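Q: Below, each chain spelled out in residue letters.
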Amino acid sequence: MPKIIVEVMPKADLLDPQGKAVGNSLKRAGHNVSTVRIGKRIELHFDHTPTEADLEAAKKAAADFLSNGVIEDVVAVTVEA
Amino acid sequence: MSITIDTTKEAKATPDKHQPWKELGLKEDEYLEIKSILGRRPTSGELAMYSVMWSEHCSYKSSKIYLRQFGEKVTDEMKKHLMVGMGENAGVVDIGEGWAVTFKVESHNHPSYIEPFQGAATGVGGIVRDILSMGARPIAVMDQLRFGDVSNPDTRRVVDGVVAGISFYGNCLGLPNIGGETVFDKVYQGNPLVNALSIGALRHEDLHLASANNPGDQVILFGARTGADGIGGVSVLASETFDSTGPAKRPAVQVGDPFAEKVLIECCLELYAAKVVAGIQDLGGAGLSCATSELASNGNAGMRIQLKNVLLRDDSLTPEEILMSESQERMMAVVPKKDLAAFEAIVNKWEVEYSVLGEVIKEPRLYINWGDEEIVNVPPRSVAHDGPVYERPVKKPTWITALNKDTTANLKRAETADELATQFVEIVTSPNQASKSWITDQYDHYVGGNTALAMPDDSGMVRIDEKSGLGVALATDANGRYGYLNPYEGAKLALAEAYRNVAASGAKPLAVTNCLNFGSPENPEVMWQFKEATAGLADGCLELGIPVTGGNVSFYNQTGDVAIHPTPVVGVLGVIDNVARRIPSGWQDQGHNIYLLGETKDEMDGSVWAGVIHDHLGGLPPVVDLAKEKALAEALNAASEQGLLASAHDLSEGGLAQAVLESCLRFGVGARIFLNELKADYAIDDTAALFSESTARVLVSVGREDDVKFVGLCEARGIPVHRIGVTDGTNLEIQGIANWELENLANAHANTLPELFA
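Sequences listed follow chains C and R, in order. Using this note's numbering, read the first sequence as starting at 1 and increasing by one per residue. Using this note's numbering, read the second sequence as starting at 82 and increasing by one per residue.
Treat each hint with caution, since some may be false.
To be verified - To give an idea of the interface, some chain R residues facing chain C are shown, with a C-beta separation under 8 Å as derived from the structure:
#1 Q199
#2 G308
#3 A309
#4 V336
#5 D338
#6 L392
#7 D395
#8 S408
Just so you know, these hints were derived from the structure itself, not from any lab. None of these values were measured; they are calculated from a predicted model. Note that CB positions come from ideal geometry on N, CA and C, so glycine has one too.
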């Protein structure tokens, strides 16, 4: 199914409690990671191959609707055919 | 990454270097004052510290001269129960049996407008740490919320976020939310008020203070790591209006982690129990700048700090940013060297990160190094306590005379029973009078198993001692409409209502906290409102004989040039010897007599009736008579001790109509109400009988067997008492006006908020 993928991450400067908790758990389980940050991936499904206009609309929705610009950044909006 | 460091050496060498004092919110004379204190220009680190600590939010520079009266207008009798008064993180009150409680309310208004969820959540986290830093276990929270007009689309964004943020943080911490207020008014549209209150309990011997006075003691920062969140939050967000700030490089909001805070609470309580902490301070507004300078200043000592020892989340932080960061869930402890090992063992057990930043020194000087470079060298008192004090211009607004003359006398009153019935329903289903259960159901009321009363009761009540049943009741109130009409009386009215709420639950009022929400202090008319309100509150407390133990001032609450209504939130704490004796707020059983205590006058100005039915605000608020409030409280207490009261509910916004409805709905017990005798005795009409907001009134229900005793008790104490009905059936009948099925009223009352926000 054709998709547009929107990826959102908590702003780099802000605390990410979820990432912190998972990072600590990974470390306790023996994984050699230093930190973890957790964002979200949103799939927008289409019944056609997304057009330029669809992508532009998705970018706008990502900024205005799918993320909270005060504490989150949209890091990528990509078409996955 | 290399960071340019501005050292004290550099500051001496480059006296004329331009510094961004203006951007940091300082005024020119304040900057010059800093230069004269230091005898040179401040380093950028020092400038950061002074700018946050001298901000309105931290220094109380505009309010100080008025807050003094809370400490002056007191008698020795009032101080009797006060273990710690104003100026500490929170006041501490002796409640007997070796127990003490500490409580405080604080604002998180501006952050909650920008990012409602995290703003409100970190507001709860911050006040809980204040309580924790007194040595107490936090046992409950409350919140006082003011939002914009329900019909404005932005209101929903703020309501959803704030309510979810409070419930998220409080529920995760495992603290019951036992009460609060929610008010909608267009004056709060661009500036909602999010005040959070917390209460904690401690044994007398566990009291801790934020003080560092023993040279050689270790200064330790523990809890969460320091990141770039909330940098400049204090100076930029809380102390200047929104439109005057430019874009910030770093996010000004903070993200909270309630689970980290829960661990921090348990860790701190174990540290206290092990007696390894000589002084403790939470990190809130102004972060490390505040904690280091206040601890040192309170102990008349100094500190030597190595800033590179601060554990960071992000190593790109500059020293100035580290000093200003408002990262949440951090505490600072002062630990004697001999106890360091024990301290480390406890924090390690709780997996709480810590680092030793430095030590206490005898010389009253705060030295902060970044590696080998000295970046701060200041007298801590000048940062923490001897900040600027302003006597700002005060001007009685010219508009207030016309406002006070515009009374409700000419507003049309209902002429028929149908009209009255319609108005009754319109009022009790209006957003401010409707059930708040859609909001409060999102909060956990009973976690911990010590909650005796919670919403929608008049007060929240928690048990402190599981064996004896000793407990405390807390109620908070504020009415911005009254405050707008007359700020002096408005503050007294808020105090009187909170006091009455506590008394109506069976507890004895003991102490007061406040959160004073006002517009810009640079506006002389706002400053007049503030002056009047603080005088009203201090005079009222003196008259009632209960001291103010602490509080918070929030200025700059305005949208553009339009200030909010003066909104002094007043919290009253009461003590009850056994929570089993609490008085429920609703009818208990069929066939009880319903009595209205106190005098009903035709006082409709500023009322809900005037607002909801006529969209009117003018005239003068109801008259407050604190002597009568005191007599009423004492009568309730005596009646409760003799077990005469089946229920009690205070009358306030919405008058008798609201109180009758809420008393019915609390436990689903109906009533028949008759107003004829009341109307005849006070020469008032139906509108005044139902909707007047006269003070010093409480509605009680009494079992028939206790009737004679109860009426005798009231008469002996000179409390006006009218029998206005009986509890009966599943309808609410107001004779000659209407007869509703309770279920219909309950649904209408409950549906308003879900229809707007759910």
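Q: So, for every hint listed, does it hold in this structure?
A: Hints, verified against the model:
1. Q199: holds (6 Å)
2. G308: holds (6 Å)
3. A309: holds (4 Å)
4. V336: holds (4 Å)
5. D338: holds (4 Å)
6. L392: violated (13 Å)
7. D395: holds (7 Å)
8. S408: holds (7 Å)
Of the numbered hints listed earlier, the single one contradicted by the structure is hint 6.
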